[in-house]
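Starting from the given sequences, assemble the full structure and let the hints guide the process.
Numbering-wise (my numbering), the sequence shown opens with residue 1 and increments by one.
Watch out, some of these pointers could steer you wrong.
Pairwise CB distance ranges, derived in the manner of DEER restraints [as the list claims (entries may be wrong)]: (1) 138 x 218: 27 to 33 Å; (2) 166 x 87: 23 to 29 Å; (3) 24 x 59: 31 to 37 Å; (4) 205 x 38: 46 to 52 Å; (5) 232 x 209: 19 to 25 Å; (6) 41 x 21: 43 to 49 Å.
Calculated directly from the structure, the hints in this document are not laboratory data. Cβ atoms here follow ideal geometry from the backbone N, Cα and C, with glycine treated the same way.
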Amino acid sequence: LGQSVGDGGGIEAAALLARLLELDLLGVFVEDEALLALAGHSFAREVRMPSHAWSAMAAGEVEAGLCVAAERSRRLLVAHCARLGIAGGFEVLRGDAGACVAALCEAADILALGAPDSAAGRAFGSFPRAWRAALGSAASVLLLPSRVARRGGPVATLASHGGVDEMALRLARAAGETLLVLEPPGISGEATVDQAGRAAVALTRRRIGGTGAAAILEGLGTTRESLLVLARDAARAGDGPPRIAAQRRIPVLVR
1 LGQSVGDGGG IEAAALLARL LELDLLGVFV EDEALLALAG HSFAREVRMP SHAWSAMAAG
61 EVEAGLCVAA ERSRRLLVAH CARLGIAGGF EVLRGDAGAC VAALCEAADI LALGAPDSAA
121 GRAFGSFPRA WRAALGSAAS VLLLPSRVAR RGGPVATLAS HGGVDEMALR LARAAGETLL
181 VLEPPGISGE ATVDQAGRAA VALTRRRIGG TGAAAILEGL GTTRESLLVL ARDAARAGDG
241 PPRIAAQRRI PVLVR
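Here it is, written out as structure tokens:
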């Protein structure tokens, strides 16, 4: 968790996934030490909303703002955990976002990261450091938009030569949703059909033009999906998965 948590929809989405998979939810708010160091310099300036006026950055005000944001995040997480009946916890760390992510992650974990709405937010600041560290870790990564479009809807995933990720099948079955399988060129759907039959999951297949973000976005089209599951290999190029999460306003699970 960082300073921007939107309306808490991302936290709620993480809590819903934790309930589906019978997991605990731990909220970790990272106070970005680079931001605090910048605020300590006399030349540092910030644009303040809603006036859009430039002002000097005051280290004390920045630190106080981070404390307020952390407390807001904690309250949202506690409220969603209580409402959904799952175990939760919360802690605050100070440091580099990427280093904190690397220290937190283990193979059995799912790391949930907020995906910034803007391209600039996804390219600069603490998010790209955390995203790179997450992809380099053994944990799965759940990218969360600031606001989630819907709670229900098909679970979408990208097919590979071996079929689809078993987690996508598990989530579709647990949520009682259809599994939408996007099939890039050269991928046969036979393994996918067999997997869905064994898992007793309703299946929809759709051909797409490639494995990149643009092809996935075009393939999703007017579908009102609730979640996208991608393999890690398909997620390593550029900011594709964060961009999909932000544009479609859905969680994207990278395995």
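Tested hints:
no. : hint                  : verdict
1   : 138 x 218: 27 to 33 Å : 32 Å, holds
2   : 166 x 87: 23 to 29 Å  : 25 Å, holds
3   : 24 x 59: 31 to 37 Å   : 35 Å, holds
4   : 205 x 38: 46 to 52 Å  : 50 Å, holds
5   : 232 x 209: 19 to 25 Å : 21 Å, holds
6   : 41 x 21: 43 to 49 Å   : 44 Å, holds
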